[in-house]
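Asks: For reference, the chains in residue letters:
2 protein chains.
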Amino acid sequence: MSDEKAVVLLSGGIDSSTTLVLAKSEGFEPCAISFDYNQRHKIELNFAKRFVKVIGVKEHLIVKFDLRRIGGSSLTSDMEVPKREEVKLDEIPMTYVPARNTIFLSFALAWAEVINASSIFIGANVIDYSGYPDCRPEYLNAFEHMANLATKASVEGKIRFKIIAPLINMKKSEIIKKGVEIGLDYSLTWSCYDPQIFEEEDVTKPNKIRKILKPCKKCDSCLLRAKGFIEAGIKDPLPDYIFYESFDY
Amino acid sequence: MSDEKAVVLLSGGIDSSTTLVLAKSEGFEPCAISFDYNQRHKIELNFAKRFVKVIGVKEHLIVKFDLRRIGGSSLTSDMEVPKREEVKLDEIPMTYVPARNTIFLSFALAWAEVINASSIFIGANVIDYSGYPDCRPEYLNAFEHMANLATKASVEGKIRFKIIAPLINMKKSEIIKKGVEIGLDYSLTWSCYDPQIFEEEDVTKPNKIRKILKPCKKCDSCLLRAKGFIEAGIKDPLPDYIFYESFDY
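For the protein sequence lines, the chains are A and B, in the order given. For the first sequence, my numbering gives the first residue as 302, with consecutive numbering after it. For the second sequence, my numbering gives the first residue as 302, with consecutive numbering after it.
Simulated from the structure, these hints should not be mistaken for lab results. Be aware that one or more of the hints could be misleading.
Identical chains blur together in the list; that is why a pair holds if it fits in one copy or across any two.
[What the hints assert, rightly or not] Straight-line Cα separation of at most 20 angstroms, SDA-like style, residue types lysine to any residue; simulated pairs:
#1 K343 / D367
#2 K459 / D541
#3 K459 / Q340
#4 K459 / E439
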């Protein structure tokens with residue numbers, strides 16, 4: 302592996318996890334950045350934490366702020382996450398979070414400048430998320446242009462920042478096939494926007510209660526995941542029934 | 302006043318406070334956004350809170366995150382704030398914070414989308430801060446271009462975001478004169494990067510200790526403020542000796 306660090310946005314889902322492993326396979330030392338923005342599906346951060354441990358990522362920065370104070374999305378407010386039988390992403394969904402990728406990339410840019418990383422990897426994808434404005438190439442190009450005017454390192458000519466979105470034109474099934482090909486274990490990833498957490502008696506230890514985590518299977522993110530695995534002809538290794546404490550990092 | 306809301310970045314210093322009052326004088330309803338980024342001079346937030354109360358700003362959002370986790374600046378690390386006898390800002394100073402305005406403007410953009418504000422005001426200034434890359438017009442234009450590709454409201458044609466920097470070509474003395482002209486009381490603003498806080502016995506209430514706040518008078522920000530008031534021919538109304546508790550919001 303080269304010594305060149307790259308900042309990789311890591312949510313804990315399929316796309317960002319695949320992106321991280323791709324960056325690593327291209328010889329970068331991936332430095333993961335995740336965001337605790339008080340999202341409904343904060344559980345994804347536990348998956349991200351486990352993922353970086355398993356993959357052996359040396360640096361993982363979790364930046365915390367509260368987007369519920371701003372709202373405007375079913376992921377950061379009390380609005381309900383839409384549930385459906387089939388994926389429908391031709392319009393911008395309720396799960397769109399205002400300026401989320403811009404906020405995420407801004408922190409990634411700050412960190413990249415400090416650790417001297419010119420490449421910022423993001424798992425943005427224009428096929429599955431055609432409705433999300435901040436997943437399109439024209440947006441990412443505009444961010445890159447702005448980034449190179451924004452920092453000391455770039456205006457002094459020490460770094461030329463590149464926003465790299467290796468999955469931008471891939472379907473979910475292609476992403477999954479690519480990930481499996483390079484050895485990624487997708488049971489380490491989480492997609493559901495509306496995780497169900499409940500308690501049950503631990504039959505192995507009477508009188509002890511344990512927490513169970515289940516994906517809802519009806520939100521857009523669950524549906525896209527299921528569709529991706531079906532189209533890829535691969536069984537999703539994520540169990541339907543997860544002992545919460547087993548990965549409470 | 303019109304009903305049109307505008308988001309105004311408010312640090313609590315001279316430039317952003319003047320910008321807010323200018324936005325108000327132009328008929329906008331200013332919605333202030335401030336940032337607790339674990340800056341060394343967090344005291345500025347108390348000034349910002351008091352300022353919005355005095356001015357009568359209805360909405361004030363304070364977004365909290367920790368830029369010390371990222372570092373790279375004497376304002377967000379244990380590096381010392383440079384102290385001098387004279388302002389010297391021909392190179393990018395140690396007090397430059399990586400990608401700070403990009404992070405600030407990203408949150409402002411998210412909030413602007415949610416509250417349906419097309420104008421985002423920032424007190425950026427290219428004269429005094431010629432060394433700061435993210436205070437230059439080319440940077441602000443690039444951010445504006447990116448912003449209009451980034452959000453649901455802009456790609457659907459509902460909002461065209463404008464980044465407005467009314468002070469961009471003004472000297473500090475011109476800013477101060479302008480502010481005084483429109484009735485701004487600069488004793489409500491704070492500039493020092495390295496506030497000195499000490500305790501002393503309260504002579505009016507024996508055995509009671511009170512906290513005193515003083516600007517350092519030697520950091521670039523103090524020096525620029527002093528130079529601005531001298532050149533404007535106006536006495537700085539900020540006292541040298543402030544009872545901390547009197548405005549502990």
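Asks: Could you work out which earlier hints the structure fails to respect and list their numbers in ascending sequence?
Replies: 2, 3
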